[in-house]
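Turn these sequences into a full structure, and let the hints steer you where they fit.
Protein chains: 2
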Amino acid sequence: MSDYLPGLAGVPATKSNISDIDGEKGILSYRGYPIQELAKNSTFEETALLLLDGRLPTKSELAGFTQQLVADRRIKYYTRGMMKNLPPTGHPMEMLQTVVASLGMFYSASDCLNGSDACDDLDYIHNTSVKILARMGPIVAMWEHIRNGYDPVQPRADLNYAENFLYMLNGEEPDPLLARIMDVCLILHAEHTINASTFAVLVNASTLANPYSVIAAAIGALSGPLHGGANQKVLQMLEEIGTPDQAEEYVDRRLAEKKVIWGMGHREYKTKDPRAIILQELMNEFIEARGGDVNPLFEVAKAVEEVCEDRLAKKGVYANVDFYSGLLYSEMGIPADQFTTIFAIARTAGWLAHWREQLSDNRIFRPTQIYAGEPLRNYVPIEER
Amino acid sequence: MSDYLPGLAGVPATKSNISDIDGEKGILSYRGYPIQELAKNSTFEETALLLLDGRLPTKSELAGFTQQLVADRRIKYYTRGMMKNLPPTGHPMEMLQTVVASLGMFYSASDCLNGSDACDDLDYIHNTSVKILARMGPIVAMWEHIRNGYDPVQPRADLNYAENFLYMLNGEEPDPLLARIMDVCLILHAEHTINASTFAVLVNASTLANPYSVIAAAIGALSGPLHGGANQKVLQMLEEIGTPDQAEEYVDRRLAEKKVIWGMGHREYKTKDPRAIILQELMNEFIEARGGDVNPLFEVAKAVEEVCEDRLAKKGVYANVDFYSGLLYSEMGIPADQFTTIFAIARTAGWLAHWREQLSDNRIFRPTQIYAGEPLRNYVPIEER
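Those protein sequence lines, which keep their order, are chains A and B.
Each residue of the first sequence is one higher than the one before, counting from 142 in our numbering.
Each residue of the second sequence is one higher than the one before, counting from 142 in our numbering.
In short, the hints are calculated from the structure, not lab data.
Some hints here could point you the wrong way.
Same chains, same names: a pair is fine if it fits in one copy or spans any two.
The calculated EDC-like cross-link candidates involving lysine to aspartate or glutamate, where the alpha carbons are at most 20 Å apart (straight line), are [what the hints assert, rightly or not]: (1) Lys200 with Glu525; (2) Lys411 with Asp261; (3) Lys400 with Asp252; (4) Lys455 with Glu409.
Spelled out as C-alpha cells, the structure:
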C-alpha cells in the first residue's frame with residue numbers, strides 16, 4: 142500500500158494530454174500551445190474545440206462547432222420555470238449546479254455509458270459537450286434577470302460566445318473591447334491541469350455517470366471557498382483599502398498578521414501567473430481606451446501590486462489571474478457573486494475535455510482508507526447506554 | 142512522486158473512523174458495530190446518528206434527532222414547483238441530484254465554511270445533516286407522483302423514516318413487515334467505506350463547498366452504471382430468466398461467455414456479503430409470512446443463487462447485497478428505476494458522516510497529473526491549418 146498523503150498532494154491521479162504548467166518558467170499551455178498565444182490569436186470557441194479535440198480546428202470544423210454552439214444557446218421554458226422556483230438569495234454557483242444537473246434529464250445518455258468499458262461514442266461525446274458548453278453562459282445570464290424578478294433576455298445568434306453572454310446579461314450589445322476582454326478571460330480560465338474540480342470530473346466520470354451530472358459535481362467543487370471565488374475577495378479587498386495611498390499600510394498590516402493578500406501567489410507558479418500578465422495588459426489597454434475614466438479601484442489595484450511586488454517577489458509570490466479579473470468583470474456590469482460562475486463557464490471547456498479523456502481509458506476511482514476507528518464491539522441496548 | 146495507479150486503486154485517500162470491512166471474514170462494521178447487530182437491533186434513525194456522532198445515542202439524543210428528522214420532512218412548495226418543471230422521462234437519480242443541489246440555495250452556510258481551517262461548527266453540521274437526510278426520502282417519494290402527473294402525498298409525523306417513505310410513495314400505510322425490511326435495507330446501505338461516491342464527498346467537501354452541493358456530487362457519482370444501479374439489473378436479469386428451471390442454463394451460458402451475473406461477487410468480500418445474508422433471511426421471513434404467495438421471481442432468484450453457489454463459491458464469488466434488495470423493493474411497489482435513489486437515501490447518512498469527518502481535519506484534494514501531451518508548439522493561423 143502507498144503512503145497516506147493528505148489531499149493526495151503530489152499523487153498522480155491521471156495521465157493527461159490536455160494542459161501543462163511549467164511553474165518555474167511561468168508557462169501554461171493547452172494542448173502544447175502557450176496561453177499567451179491563445180489569448181492573443183484565438184477565441185473561446187476555438188480554444189474550447191482545441192481542448193476537446195486536441196488540435197486546432199480547420200476553418201470548416203470551427204464554423205460547424207460555432208454554429209452548433211449558437212443553436213444550443215436556447216434554454217427550454219421548463220428550465221426557466223424551474224429557475225423561477227429557486228430563491229433569489231441563493232448563491233449563483235448553487236443555481237448553476239442545480240440547473241446543469243437538471244439538463245441531463247432532458248437527454249438520454251449514450252449506450253456506451255452503460256457498459257463497463259471505455260466509451261468511444263465520439264459523436265455523442267462531442268454533441269453533448271456542445272449542448273453543455275453552449276448553455277452555461279445563457280443560464281448564468283438568465284439567472285441575473287430571474288433573481289431580480291425580470292424575464293430573461295433571449296440569446297442572439299449573430300454574436301460570439303462572450304458577446305452573447307454580455308448581451309444576455311446586460312440587455313445591450315457590449316462594448317467591443319470589453320467583449321474581447323471577456324473572450325480572453327474565458328480562454329484564460331478554460332483549463333488548468335488537475336485541481337479539485339477537475340479531479341471531481343475524473344471521479345464522477347469514472348462511474349460512467351451522465352456528463353451533466355459530472356459537470357454539476359465539478360461546479361459543486363469549484364463553488365468551495367478554498368477553490369473558486371478568490372476574485373470576488375480581491376474586489377472586496379480593494380474596496381476595503383479604498384484609495385491607492387492606503388495600499389502600503391494595508392499590505393504590511395496583513396503580512397504582519399500573516400494573513401492572505403487576495404489575488405497574490407499561486408501554488409503552481411514560482412513566477413508571475415502568465416494569465417495575470419495578459420490580463421494586466423488588457424486592463425491597461427482598457428484604461429487607456431477610456432482616457433483614464435475608470436473605476437478608481439484600478440489605481441488601488443496597481444498600488445497594491447506595486448507594494449506586493451516589493452515585499453513578496455523575492456519569495457516567488459506575484460499577482461495571479463484572480464487579481465485583475467474581478468475588477469474587469471465589475472466594469473462589465475457583473476455583480477461580484479457571479480464571478481465564480483464565469484470561471485465555471487470557462488472551465489466547462491476543460492472539464493469536458495477531461496470527461497472525454499477519462500472515458501477514453503476508464504477505470505473507476507476507488508482509493509482506499511486507513512481505518513482508525515473503534516475495534517469491533519457489541520451493540521448496547523438503549524436502556525443500558 | 143508516487144507511482145501512478147489508475148483509479149488510485151489501493152492508494153489511501155483518507156484516515157477514517159466511520160466504517161470498516163474485513164473482506165476475509167465477511168464483516169462490515171459501522172463505528173465498530175457489526176452490521177448484523179445493527180440490522181437486528183437498530184433503526185435507520187439510530188444508525189444514522191451513530192454514523193454521524195460516532196457512538197450509539199442515549200434515549201433523549203435519539204428522541205431529539207428523530208423529532209428533528211420528522212420536522213424537516215416538509216418540502217417547500219418552491220421545490221415542488223421546481224420538480225414539476227423536470228421532465229418525467231428523466232432518471233430519478235438526476236432528479237435527486239438536481240433537487241438536493243437546489244436545497245442549498247434556501248439556507249446560508251456556516252461562517253466556518255468561509256475560512257481556510259477545519260470547520261468545527263458542530264451545531265451547523267448536525268442541523269444541516271438532519272435537514273438533508275430528512276428530505277431525501279420525501280423527495281424521492283414525491284417524484285414518483287409528480288412524474289406521473291399527480292400531486293405528491295404529504296408526509297406524516299407519526300411514522301418512522303422507512304414507514305413515512307413508503308407511505309409517501311404508495312399513499313397508504315405500509316405492511317409492517319415490509320416497512321421493517323425497508324428499515325433494514327436503509328441500515329445495510331447507509332455506509333461502506335470509501336467508494337467512488339464517498340470519495341466524491343471527500344473531494345468536494347475539501348473545497349469547503351456547501352453540504353447540499355457535496356451530497357449532490359455524491360448522488361452524481363452513485364448514479365453511474367459502474368457504481369449504483371446493480372439491483373435494477375438483477376431484477377431485469379431475473380425477469381429475463383423467467384422460471385427457476387431456466388436458471389442453470391442461463392448462469393452457465395453467461396459464465397461461458399465471460400459475462401457478469403448481476404448481484405454476484407463484490408470486490409471487497411471474499412465470503413458472502415454479510416448484508417446479503419441478512420436480506421436473504423428477511424426475504425425468507427417475508428415469503429413465509431405470505432404463505433408463499435409472492436412474486437414467482439423469488440423462486441428464480443433462489444435457483445440462480447443455488448447454481449452460482451455451486452459454480453462460483455470456490456472462487457470466492459457469492460451473492461451480494463444487490464441480489465435480493467431489488468426483488469424486495471419491487472414487492473413494496475417501487476419501480477426499478479427508483480432502486481438507486483433508495484440506495485442514495487440510505488447512503489446519505491454515511492456521506493454526511495464523511496463530510497463531517499473531512500471538515501474536522503481538512504486539506505483540499507489536489508492530486509497531480511502525468512502530462513503526456515504535445516510539447517510546447519506555436520499557434521498556427523487558421524488559414525495555414
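Checked hints:
| no. | hint | in the structure |
| --- | --- | --- |
| 1 | Lys200 with Glu525 | between (76 Å within a copy, 10 Å between copies) |
| 2 | Lys411 with Asp261 | neither (39 Å within a copy, 33 Å between copies) |
| 3 | Lys400 with Asp252 | between (51 Å within a copy, 17 Å between copies) |
| 4 | Lys455 with Glu409 | within (16 Å within a copy, 51 Å between copies) |
Hint compliance for this structure: hint 2 is the single one not met.
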